[in-house]
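Could you put the whole structure together from the sequences, leaning on the hints where they help?
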Amino acid sequence: MHVLSECSVLAPGKLVLMGEYAVLDGSPAIVLAINRGVRCDFTVGGVDQHIETPDGDTRFVAPPLATAPPGRYRFQAWNPVDLPSKPGFGGSAAACVAACVAAGRPAVDALSIHHEVQGSGSGIDVLAGIHGGMGRVEHQRWSALPPLIPVVTFAGRSARTGPRVERYRGWQGSERRDFADRSRALVDNFASDPIAAFRAAWRLLVRMADITGIAYTTPELEAIVREAEAVGGGAKASGAGGGDCTVALFDNDRSAARFREAMEHLGLRCIPVLPAAGAQLVTS
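The opening position of the sequence shown corresponds to residue 24 in the numbering used here, with each subsequent residue numbered one higher.
Nothing false has been slipped in among the hints.
Under the rule of at most 25 Å between Cα atoms (straight-line distance), these lysine to any residue pairs were calculated in the SDA-like manner: (1) 109 <-> 172; (2) 109 <-> 179; (3) 109 <-> 300; (4) 109 <-> 138.
Hints listed in this document are in silico derivations from the structure and should not be mistaken for laboratory results.
Quick look at the structure:
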């Protein structure tokens, strides 16, 4: 078999800006693809297939590569953050999308593959990896939006999404429907006043967590939100809560700078991010 030069796929990570949890009930969410994701370097050739991942877990990449040519497929973090506890930017989704592209399959195949392996989820992290930029997601349909760049802060600990999602899924009654409706309204209002939408979304999610018993807030998250609002901005957790990353928005650079200074005084790390394109094949 002809041996090709090494190729690479870059698949972005994601930040959920609005709509967490309610997206599982069909309400919309707003997601930003960022330049911190997964890289797959691969060389086609030989008779065997070798898959390498940083932790040896191939669950999300082996199925897409099942029909790929023999060769070496090496997955690693793209533009990783130098922190002892890694923030969650949707790595399994990015890896699944990267594997599809490396295998020559449509990137959209990652939606069904990732859902089957994970057993649940809305697919918004996969869609961010496929499309890139910022988008409104509703029923797995992506509508592109002009991207905003939030100030991202790591709250000092990673958090598992699965147990929190399962507790939300077990929530019964009219209050859950009301939560989803209120979340939809905030997503709809995001474009006209994103800071106000962030502030209201944080309080809505905290109330939902109080009702359901989800471990959503932490002292660090609450401090981050307070500091953002004190300088005129808005902040909230990105994703399932319990730690991990927050996203904050400000209407001027001076407020954002004051917020970053406050984070430094708290001993918390701000992580620079930029909007990123969808998964791309790069040939060397």
